[in-house]
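Go ahead and model the full structure; you've got the sequences and the hints to work with.
With positions in the sequence shown counted from 1, the corresponding number in this note's numbering is that position plus 1372.
By construction, these hints were calculated from the structure, which means they are not laboratory data. Hints may contain errors.
Claimed, not checked - In silico DSS-like links for lysine-lysine, alpha-carbon gap of 25 Å or less:
#1 Lys1696 - Lys1475
#2 Lys1823 - Lys1808
#3 Lys1751 - Lys1729
#4 Lys1730 - Lys1637
#5 Lys1554 - Lys1478
#6 Lys1616 - Lys1396
#7 Lys1540 - Lys1607
#8 Lys1396 - Lys1729
#9 Lys1376 - Lys1396
#10 Lys1376 - Lys1751
#11 Lys1543 - Lys1613
#12 Lys1540 - Lys1523
#13 Lys1540 - Lys1613
#14 Lys1858 - Lys1823
#15 Lys1396 - Lys1730
#16 Lys1696 - Lys1396
#17 Lys1637 - Lys1523
#18 Lys1382 - Lys1823
#19 Lys1523 - Lys1543
#20 Lys1616 - Lys1376
#21 Lys1751 - Lys1696
#22 Lys1474 - Lys1696
#23 Lys1858 - Lys1848
#24 Lys1789 - Lys1823
#25 Lys1523 - Lys1554
#26 Lys1382 - Lys1696
#27 Lys1751 - Lys1475
#28 Lys1543 - Lys1522
#29 Lys1607 - Lys1376
#30 Lys1616 - Lys1730
#31 Lys1848 - Lys1396
#32 Lys1637 - Lys1823
#33 Lys1376 - Lys1729
#34 Lys1522 - Lys1540
Here the structure is a predicted model, which is why all the values come from computation and not from measurement.
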Amino acid sequence: MARKIIYFDKLFGFSVTAITENGKLTDCRFTADDGAPAIGDIYKGVVVNVLEGMQAAFVDCGLERNCYLSAEDLPRGTEGGVASLEPGDELMVQIIKTPCGKKGAKVTTRISFVGKTLIYLPATDFVGVSHRIEDEELRDSLIFAATRAKKAGEGLVIRNFAPFTTYKHIKEELGFLRACYKRTAEIYAAAPPRSLVCTDFTMPVRVMREFMEYDVERIITASEEQYAEISDILKILPGGKGIKLELYRGRLDMLDEAGVAAQIKEACGPRVELEGGAYLVIERTEALTSIDVNTGGFTGGDSLEHTVYQTNLAAAREIARQVKLRNIGGLFVVDFIDMQQPEHRAALTEELERALKKDGAPFRVLPMSEFGLAEFTRKRSGTELSSFALRPCPACGRGNGYSDPFCMFIAYSEILKTLDGGAEAVCAELPPECAKLVTARADFAAAIREKFPEAEVYIAPSQGVYAEGCRCRPVKRGAAVRGAVKLP
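Structure representation (structure tokens):
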């Protein structure tokens, strides 16, 4: 089984999380610590518009855009569907899909609280078991335990971590989740309309509750604040005592030194290299995501059919990793390299299904067509990596360059690398807007000063064509750099 390392950091107003399996990046999240809506957040919303023809309603939660509420997300047994709602009605709603582009958040009135082994549904009379628990005898046993533990009118979904815990722990966790709901209900009753009632746990808790001792080797953080928080979490997390926690104190950026930063940059671009010289080209469109598989310099050692088959298998595994890492949802069309043997096509489809299953997100794969095209769907949860890392093109609206915040992270990493290489002073040339952002943030200069107290750092806006990254160069200490601003 793959051994995971989880990296946490807090930099420049963002919480950063990266997860690697055997050195390969499988998950990356940049979350702004600015109160932006997140999955699991609960609001006291107000109905502003009811569209019976679409069986949906729009709810004002005080966010930038109104939230979308589908009829299927109303309480079970609601008579009349959305027709039972009227403008001005107040609802307790929970975000199940964050805003993306011009679309507002998607919400539900079926409130849930997610724990390590349970999903608690306070107002939905239902008992279910994760489909990833396939043993029928075990499923029956868990359903019996859940039915026995819950009260009338409550609902429980047993997550796939449940087989590794005890009934006593399930009862204790259920009591904790009930207390969370009770507190939320009290806050909701007193809260003004269009306000946040309850926010989900912090980023370390959200990530760590998905893993157990047996598949997490280490947790590394460069933030002393997060180190203390994670240390407390591990004391109560099932299996947490077996996970090694480290506080990074190196002179470089933690993700850069671990080799993760380079993988994040690759995940922001269309081309992905495969072992042996083959590569993928991933292109987003409004309707779907197209993925082209190319042999590149891969020649193999056997027949052409075998070479193509092995390349396609490697591509299928990498495609599953990339769609999870980039957190892309919707329809995908993959142009695999043509294969002549039907059994190879069937085996490739099975390999793609097997790789996507590890993701945990709902998906569906169709049989390969006669043209060698494979189609599959994936349900996105949370925001795409590109929505943070890339800036939209003024002409077409698609991402074609690094965003200013992401460019700031690159600049921080490159400046530290240049100083660690022996330079006493460095000038970083950045896109104009990013340069303004960096010079305006006191914490950027403080983070560098903490590692290199005597260094001189200058920030210069680039001229002409928009620069995607940061160009650092050593300069003489005390020298005047034309057009540059010296950080304090």
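Self-check item: Violated constraints from the hint list, given by number and in increasing order
Solution: Of the numbered hints given earlier, those the structure breaks are 17 and 31, listed in rising order.
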